[in-house]
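As you go down the protein sequences, you meet chains A and B in turn.
The numbering of the first sequence is my numbering, which starts it at 413 and goes up by one.
The numbering of the second sequence is my numbering, which starts it at 2 and goes up by one.
Heads up, a few of these hints could be off.
[Unchecked claim] Below, a list of computed lysine-lysine pairs in the DSSO-like style, where the Cα atoms sit at most 30 Å apart:
hint: 1; chain 1: A; residue 1: K778; chain 2: A; residue 2: K717
hint: 2; chain 1: A; residue 1: K656; chain 2: A; residue 2: K717
hint: 3; chain 1: A; residue 1: K857; chain 2: A; residue 2: K468
hint: 4; chain 1: A; residue 1: K589; chain 2: A; residue 2: K464
hint: 5; chain 1: A; residue 1: K468; chain 2: A; residue 2: K778
hint: 6; chain 1: A; residue 1: K864; chain 2: A; residue 2: K778
hint: 7; chain 1: B; residue 1: K106; chain 2: A; residue 2: K535
hint: 8; chain 1: B; residue 1: K106; chain 2: A; residue 2: K864
hint: 9; chain 1: A; residue 1: K678; chain 2: A; residue 2: K785
hint: 10; chain 1: A; residue 1: K535; chain 2: A; residue 2: K589
hint: 11; chain 1: A; residue 1: K656; chain 2: A; residue 2: K727
hint: 12; chain 1: A; residue 1: K857; chain 2: B; residue 2: K106
hint: 13; chain 1: A; residue 1: K468; chain 2: B; residue 2: K244
hint: 14; chain 1: B; residue 1: K106; chain 2: A; residue 2: K468
hint: 15; chain 1: A; residue 1: K785; chain 2: A; residue 2: K464
hint: 16; chain 1: A; residue 1: K464; chain 2: B; residue 2: K106
hint: 17; chain 1: B; residue 1: K244; chain 2: A; residue 2: K861
To be clear, the hints were calculated from the coordinates, so they are not data collected in a lab.
Note that the coordinates shown come from a computational prediction; the quantities given were computed from them, not determined experimentally.
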Amino acid sequence: MDPLDLARWQFGIITVYHFLFVPITIGLSAIVAGYETAWVRTQNPQWLKLTKFFGKLFLINFALGVVTGIVQEFQFGMNWSAYSRFVGDIFGAPLAVEGLLAFFLESTFLGLWIFGWDRLSPKLHCATIWLTHLGTLFSAYFILAANSWMQHPVGYTYNPRTGRAELNDFFAVLLNKVQLVTFPHVVLSAYLTGGAFVVGVSLWSMMRNEGAVRETFRRSVRVGASVLLIAGIGVAISGDVSGKIMTEVQPMKMAAAEGLYTTQTKAPFSILTVGSLNGERHHAIIEVPGLLSFLGTGSFNGEIKGIDDLRAEYKTTYGSDPGQAYYSPGNYTPTIWATYWSFRLMIGLGLLCAAAAIAILYVTRKGRAPTNKWWGRLAILVPLLPVAANSFGWLFTELGRQPWAVFGVMTTANGVSPSVGAGLVATSLITFTLLYAVLAVIEVKLLLKAIKAGLPDEPPPPSDDVDDADRPLAFAY
Amino acid sequence: MELTTVWFALIAVLWIGYFTLEGFDFGVGMLLPVLAKDETERRVMINTIGPVWDGNEVWLLVAGGATFAAFPEWYATLFSGFYLPLLLILLALIVRGVAFEYRAKGHYPQWRSRWDAAIVIGSFIPSLLWGVAFANILRGVPIDAAKEYTGGFFNLLNPYALIGGVTTLMLFLTHGAIYIALKTDGPIRVRARALAVRLGLGAAVVAVVFLLWTQLMTGNVGSAVFFVLAAVSLLAGLFAVLKAREGWGFIGTFVCIALAVAGLFIALFPDVMPSSTAAAFNLTTSNASSTHYTLTVMTIVAVIMTPIVLAYQAWTYWVFRQRITVQHIPQERLEAPVG
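Put together the whole structure using the sequences plus the hints.
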């Protein structure tokens with residue numbers, strides 16, 4: 413394999429891996445903050461127990477999200493130095509702002525939250541987890557602004573003298589129309605993922621317990637399922653808007669989502685196909701007429717451009733214009749089977765998760781707690797659905813943009829580091845993949861252990877014969 | 002002053018923040034098997050940095066992000082050129098970060114000792130390699146007309162760079178030992194003080210060699226002043242530790258690291274990454290920088306955000322100002338290892 417393929421595999425593997433943890437961090441920090449707020453307001457100890465129980469799970473997950481995030485920031489320079497040189501003037505700014513605005517906030521206030529139980533007043537302590545959550549939202553905003561710029565570059569000019577893209581309107585980058593829909597779409601999916609995590613863990617724990625503990629977890633199931641369902645509706649709406657903007661700015665991606673080769677009005681959306689998707693033998697088993705047109709344009713009669721027509725169009729636009737040095741003419745079609753299936757799996761798994769939430773809300777209504785073991789199995793499945801859907805969503809977004817790194821401006825092939833050989837990239841690809849695999853196993857084991865340990869005991873009342881300064885720490889590593 | 006100069010200075014400030022802060026938590030990590038006599042003392046040590054190490058590490062992320070934004074060519078050349086050392090640093094930071102969080106979540110001695118090894122190695126590798134990397138930046142590495150690094154891994158292993166690595170290693174060990182003396186009480190505090198002085202004298206020797214070499218190689222009047230003041234603060238800090246004034250001792254190593262890093266950046270200016278191939282290929286603050294517009298935007302953000310960040314990070318240190326001793330560590334029962 414050449415360095416380009418290896419660098420692409422590495423980017424894909426470590427980014428998808430990083431994003432397994434990120435949505436749980438965003439979503440779960442909000443729910444833990446909600447539980448602590450409920451405790452501060454009601455003084456009902458069940459909320460404190462849920463705060464500490466899910467707080468522990470949150471931290472196990474957070475650790476991997478943080479350490480894998482460091483790699484994200486460095487690998488642009490390591491594997492994609494030509495890309496970094498070309499876009500650094502634009503792309504670097506949101507990354508730097510993310511660090512200054514988000515990472516400091518997140519890490520500092522999370523440190524205060526973890527160790528501050530006996531150092532801060534309950535209200536102040538509760539504020540620290542909300543600030544941590546705010547940090548995760550800032551982080552999402554700026555990194556998505558950077559990604560949205562790659563999807564739909566705005567607020568820049570190409571400078572032939574320096575041979576790079578240069579920023580001329582920072583607010584255009586921050587308020588990019590792709591960004592304005594991507595941010596809610598991703599953050600709402602994160603809430604959905606956090607909700608699903610809480611539903612799964614709580615449902616499973618509810619079925620293994622009785623009495624007051626069962627009731628505490630039943631409430632938690634309903635909190636999680638409500639978050640999941642409300643966020644799920646938001647994900648669907650923002651996803652719909654996102655599809656229309658994508659059809660406008662990257663029509664090839666929409667055509668590739670369906671494997672639609674010729675331009676069509678009333679374009680159908682196939683739910684299942686057999687055979688290759690190369691445009692010759694394409695057997696849709698279940699097909700909804702006009703649905704692709706609706707997803708892309710808002711009208712069942714709308715026109716969706718086909719891959720072949722777009723390819724011809726792109727060849728005229730990009731293939732014969734040497735003015736912008738950084739793209740190379742080539743095949744402007746992404747890998748159709750990958751975009752086709754990732755698009756369906758993203759939507760399908762998300763919908764399945766929302767359906768599960770409705771069913772779970774129904775069976776836990778008015779104090780009811782199901783005992784059928786199938787609900788326990790569903791509990792294991794529910795948190796995995798959005799995690800997979802998130803991954804497919806990103807695979808679709810990023811693979812659908814290929815061969816471009818920055819749409820219409822720079823191809824991925826032109827972004828790779830010219831000075832880094834295949835041996836080095838292969839070394840880092842292999843070490844990261846192996847290390848990440850080991851860490852994933854450890855993380856899952858720790859999560860299961862913490863889930864099985866159940867709700868924490870109530871802390872004993874502080875005894876009077878020990879001086880405050882000598883009392884053991886409320887939390888210690 | 003030109004904005005490119007302002008950003009060169011700001012990036013120096015970010016690295017100073019990183020080395021002065023994560024420097025001591027690296028030191029604490031490396032000294033884990035040396036200073037702690039048992040599991041409870043190991044937990045005392047880890048808990049002195051527990052609430053703050055992650056926030057300290059963010060200085061690195063911001064330094065990296067700011068370099069990307071303000072000097073994309075520097076970011077691209079440095080990170081693709083120093084590929085293998087950076088890979089090792091990243092792997093080290095990953096296992097170290099996970100270790101702090103996961104170590105206490107298992108109750109087998111074997112589990113604990115494996116994560117301890119991860120903390121020690123994960124603190125040692127970056128402490129050494131950051132010095133090696135910075136020394137190589139100052140010394141100059143092979144860079145061609147296209148601003149690409151043309152050397153290999155072994156170009157980076159030269160005597161000067163290795164002394165640079167040992168310097169950061171020794172300074173962080175000293176800084177960490179003094180931090181432990183400052184943040185604990187009881188026997189471990191006394192041991193940390195004694196060790197800090199011994200480590201500090203070793204650090205002083207290598208630091209003087211490294212800074213003198215740097216001064217002769219690429220220094221100017223400004224860097225000479227900073228290097229001398231850095232050496233003075235280190236010795237003053239060690240003297241304070243000897244007199245059991247740990248607070249002043251910590252300020253001593255803190256200021257020493259800050260001044261030494263500042264001096265290195267002054268010696269580097271106006272280059273950001275000199276080329277050993279030809280001076281014409283040097284990356285400088287002007288030919289590696291972003292546009293004036295981007296730097297202006299970034300300056301506004303930095304001017305607003307930096308004081309806020311400094312304020313809440315300082316507040317964290319205030320909240321956790323209490324010394325930690327063995328009686329602060331909650332009781333736990335370790336299970337015997339299986340098998």
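Comparing the hints with the structure gives:
Taking the CA atoms of K778 of chain A and K717 of chain A, the gap is about 51 Å. The hint is violated against a cut of 30 Å. Distance restraint check for K656 of chain A and K717 of chain A: the Cα-Cα separation of roughly 13 Å lies within the 30 Å cut-off, and the hinted pair is therefore satisfied. The suggested pairing of K857 of chain A with K468 of chain A holds, with an alpha-carbon distance near 14 Å, which does not exceed 30 Å. Distance restraint check for K589 of chain A and K464 of chain A: the Cα-Cα separation of roughly 39 Å exceeds the 30 Å cut-off, and the hinted pair is therefore not satisfied.
Of the supplied pair hints, the one linking K468 of chain A and K778 of chain A holds, its CA atoms being roughly 29 Å apart against a limit of 30 Å. For the given pair, K864 of chain A sits about 26 Å from K778 of chain A by alpha-carbon distance, which is consistent with the 30 Å threshold. At roughly 27 Å between alpha-carbon atoms, K106 of chain B and K535 of chain A fall within 30 Å of each other, so this suggested pair holds. Restraint check for K106 of chain B and K864 of chain A: the C-alpha separation of about 13 Å stays at or below 30 Å, so the hint holds.
Distance check on the hinted pair: K678 of chain A and K785 of chain A sit about 45 Å apart at the alpha-carbon level, beyond 30 Å; violated. Restraint check: the Cα-Cα separation between K535 of chain A and K589 of chain A comes to about 38 Å, which exceeds 30 Å; the hinted pair is violated. Taken as a hint, the K656 of chain A and K727 of chain A pair is honoured in the structure, with Cα atoms around 24 Å apart against an allowance of 30 Å. The hinted pair formed by K857 of chain A and K106 of chain B meets the criterion: a straight-line CA distance of about 11 Å does not exceed 30 Å.
About 42 Å separates the Cα atoms of K468 of chain A and K244 of chain B, which puts this hinted pair outside 30 Å; it is violated. Between K106 of chain B and K468 of chain A the alpha-carbon distance is near 10 Å, which keeps this suggested pair within the 30 Å criterion. About 27 Å separates the Cα atoms of K785 of chain A and K464 of chain A, which keeps this hinted pair within 30 Å; it holds. Distance check on the hinted pair: K464 of chain A and K106 of chain B sit about 14 Å apart at the alpha-carbon level, within 30 Å; holds.
Under the criterion of a C-alpha separation no larger than 30 Å, the hint pairing K244 of chain B with K861 of chain A is inconsistent with the structure, at around 48 Å.
The structure is inconsistent with the numbered hints 1, 4, 9, 10, 13, 17, although it conforms to all the rest.
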